[in-house]
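K.L.:
Construct the complete structure from the given sequences, taking the supplied hints into account.
The opening position of the sequence shown corresponds to residue 1 in full-length UniProt numbering, with each subsequent residue numbered one higher.
To be clear, the hints were calculated from the coordinates, so they are not data collected in a lab. Careful: at least some of the hints might be erroneous.
[What the hints assert, rightly or not] Computed Cβ-Cβ distance ranges for the label pairs, DEER-style:
hint : residue 1 : residue 2 : range
1    : PRO42     : SER22     : 16 to 24 Å
2    : ALA2      : THR103    : 35 to 43 Å
3    : ASP77     : VAL11     : 28 to 36 Å
4    : LEU102    : ALA17     : 15 to 23 Å
From a predicted model like this one, the values you see are computed outputs, not experimental measurements. Beta carbons are placed, not taken as given, at the ideal position from N, Cα and C, and that holds for glycine.
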Amino acid sequence: MAIVYPANDGVFQQDNATCHVSKIVRAWFEGHDEEFQLLPWPPNSPDFNPCENLWEHLDRHIRQKDPPPRNLHELRDALLFSWSQMSVATFQAHIESMTSRLTAVLAARGGYSGYEIGGHNNVTRLCIIDENIT
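P.N.:
Set out below in structure tokens:
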């Protein structure tokens, strides 16, 4: 973050997914809290984050690969390639969905809004990850 925001004025948003609030991740954020502001975020709120649907898009593309990625390097390359293949229209559609998402959240009084995310946190099920990769 210090490289991207050398004035320590960056803002970071994460969605409180289990993997994002693990002990090691929380410790990292606490050790870097002067470098940027971590936005408070309600748990399990994919409705507020159009990027969640982009992760699902990447997940679908990676799951269609034959053969699937066999290690972190192949997974990284596959993700970068899939990301580069997404059209501007795809990104724009996700951003433009925000009004509908927020309206649905307000109508549900903060409860279940009907917007869901896919299984993007399960991408690693595809891969045989070498434990020695750094």
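K.L.:
A separate judgement is required for each hint: does it hold in the structure or not?
P.N.:
Right, here's what the structure says about each hint:
Restraint check, PRO42 to SER22: a C-beta distance of roughly 18 Å satisfies the suggested window 16 to 24 Å. The hint said 35 to 43 Å for the Cβ distance between ALA2 and THR103, and at roughly 38 Å that hint holds. For the hinted restraint 28 to 36 Å between ASP77 and VAL11, the CB-CB distance of approximately 30 Å keeps it satisfied. The hinted range of 15 to 23 Å is satisfied by LEU102 and ALA17, whose Cβ atoms lie roughly 20 Å apart.
Violated hints are absent here; each numbered hint is respected by the structure.
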